[in-house]
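Colleague: Those protein sequences? They're chains A and B, same order as listed. Following this note's numbering, the numbering of the first sequence begins with 1 at its first residue and continues without gaps. Following this note's numbering, the numbering of the second sequence begins with 1001 at its first residue and continues without gaps.
Keep in mind that the hints were calculated from the coordinates and are not lab data. Owing to the predicted nature of the structure, the values given are computational and were not obtained by experimental measurement. All residues carry an ideal CB built from backbone N, CA and C; glycine is no exception. Please note that a few of the clues may not be correct.
Which chain A residues face chain B? A few, computed with CB under 8 Å, are given here [stated by the list, open to error]:
id	residue
1	GLY80
2	GLY125
3	THR133
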Amino acid sequence: MDRDPVMLRTLRGLAGLALILWLVLPLIPLAIWSFARGWRFPDILPQSWTLQAWDYALSDTSGVLDSLTLTIWIALCATGLSILIGVPAGRALGLSTFRGKGLVEMMILAPIIVPGIAVALGLHGVFIGLGLTNTTTGVILVHLIPTLPYMTLVMAGIFANYDTAFEDQARSLGASPWQTFRHVTLPAILPGIIVGGLFAFLVSWSQYILTLLIGGGRVITLPLLLFNFAASGRNDIAGAIGMIYILPGVLVLILTARHLTGRNAAIGGLGRL
Amino acid sequence: MRPTAIALLTLSLSSPALVLADTSDGSALIGQDWDTIVEMARGGEVNWFMWGGSDTINRYVSDYVGGVLMDDYGITLNRIGLTDTTEAINIVLGEKEAGVTDAGAVDMIWINGENFRTMKQADLAWCGYTETLPNNVLIDWTNPAIANDFGVPVDGCEVPWNRAQFAFAYDTARTETPPRSIPELLDWIKANPGQFTYPAPPDFNGAVFVRHVFYHAAGGVEGLLGDFDQARYDAAAAATWDILNEIEPLLWREGATYPTSITQLNGLFANQEVAFTFDYDPSQFGLGVQSGQYPETVMSYGLTDGTIGNTNYTIIPFNSPNKAAALVLQNVLLSAEAQLEKALPEVWGTVPGIEVDRTPAEIQAAFAGIERHPSVVDPAELAQNALPELQAGWISAIEQGWIENVGR
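Chain A with its partners taken away, still in its complex shape (with noise of 0.2 Å):
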């Protein structure tokens, strides 16, 4: 840590000038498409500007608007409950050892290793069983199934370098066990449950075919809008509907960026997952 500070300042500027070009500049050519008519090679710009494909995406036809609303519902709740499945979870797998563990881990993360279409399809047969198909809480809950994952293993990692030595000498000092949690654990694990929502948001944001088979058609995500378009080759169309898509993911990237600036002694790594 004697480095020169000016120049780790400057490397630092430099990365994240770097870092936010490459997230931006793949969004221009999208925001571009949304209003041209006829882009095609050699042409550098569009022949010509047009509002169309904005017309259709903001018309009631489309269906966009109505499902922007429902998709940041869903994407809400099914963050909520990852963060009240996933921290105990995460704690569990962080700060004990048991017979077994490295099993659980593997259940854990089974979600997200088998392939996409086989788990939705051995889920719509559970869900419909369980009456939950062609409803929002239906989707709600099968988002969690690759929500958990992500929020699971990074409050694990979270609470791998955290110290419950900080709660015993809180409870010592008279706190009762709501207060412990509020003032010490809370603190300590927020940057986790940030980074972990984060995830589980932009996760449950962007799925399709779970939503589509277990919504039945009932429950339109912004996705399954989109995809229609981007699997048609209507880049105008998917470059309107595109721009709506990532607005919450930036929004909320942006309310909670300044959590994310790995200043916070916290975020320790994801420990040995």
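Take the given structure of chain A and dock chain B to it, following the hints.
Modeller: Okay, now just chain B, sitting in the frame of chain A:
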């Protein structure tokens, strides 16, 4: 207070069941008086799953068809856009395996070919109702191209919606005279290396291109009609793989890779990487020029040795809970007015699935007065050299053979 709240809750929970007649029992509808079916369907909903990648087609379905259903019958049409029709079939298949026989999520699917074969073989389709539709009289079931869907007998399990015939497209600004037959095309590829490619089967359009080469290698389609025959297949297949492997190094990127979808080929064509694209539905080229996907100099054309035609249909799954509303929807789709609207180039420009000469005189006149989009080949001209589709056994054997002998 509390009893009232409970009563309200019960009412709100049970009221949809009071309004919507459950019409999952198809046998009660077959042969039923049409007015009775319409009354059973009134005020209900119908969930139609269909490929959703075209804004114009979506607008026609949601706005025009949905408008007619709502205004005339009080039926709510939910159009569910799919990226791949198989997704809807997977829903029905999963429901059948889980024992859902009368409360499925899917009331109707836009379908043909392999997906229809899957649904028919797995007993996922509701069949035998077509005579019940008043507009059934507009369908020519004696036409084998309508009574068979990619060689699979329809058997009253679906009704036609549109007809289509394969066509190529080229850019008049880049290519002077396009090759007008498969032999001419093969010569053209040899003279213009790197300028042609086709999507790898099992892509729908890539597979039909390969079948055109197969017909050519077999010396015509006549010997290929009827049930799958291994000996006849082997003879034609060997010649087909020879032709396709011979041109492979002369294809786009020396044939090291093939586009995986027709969308990708269309993109290569629009960006001048290849000279031709093709589609099972030539109306796509008119829509593509309208949306700016292609320049106005793009024209579609048929082949002198013929191109393969097909029909696409709408199907009602066996476990649809809204069969009466689905029937009303099918009848609206088959109506002369809805078929005319769909034929307008700015709406879609597709060929009707019904017989125009069975419609009222003023509709016939309106059909005759339609000005085709200049980029879309005249369907009548195309139809002069129409080739039949093979039976399903042939189609899957050719796809599998391509993957093993050419695509490997």
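Colleague: Report holds or violated for the interface hint on THR133/A, using the least CB-CB distance to chain B and a cut-off of 8 Å.
Modeller: With Cβ-Cβ at 7 Å, under 8 Å, it holds.
Colleague: Under 8 Å is the threshold here; is the Cβ of GLY125/A close enough to any Cβ of chain B for the hint to stand?
Modeller: holds, 5 Å
Colleague: Does the closest beta carbon of chain B sit nearer than 8 Å to the beta carbon of GLY80/A?
Modeller: It is violated, given that the least Cβ distance between GLY80/A and chain B is near 26 Å, above 8 Å.
Going through the hint list in order, the structure does not satisfy hint 1, though it satisfies all others.
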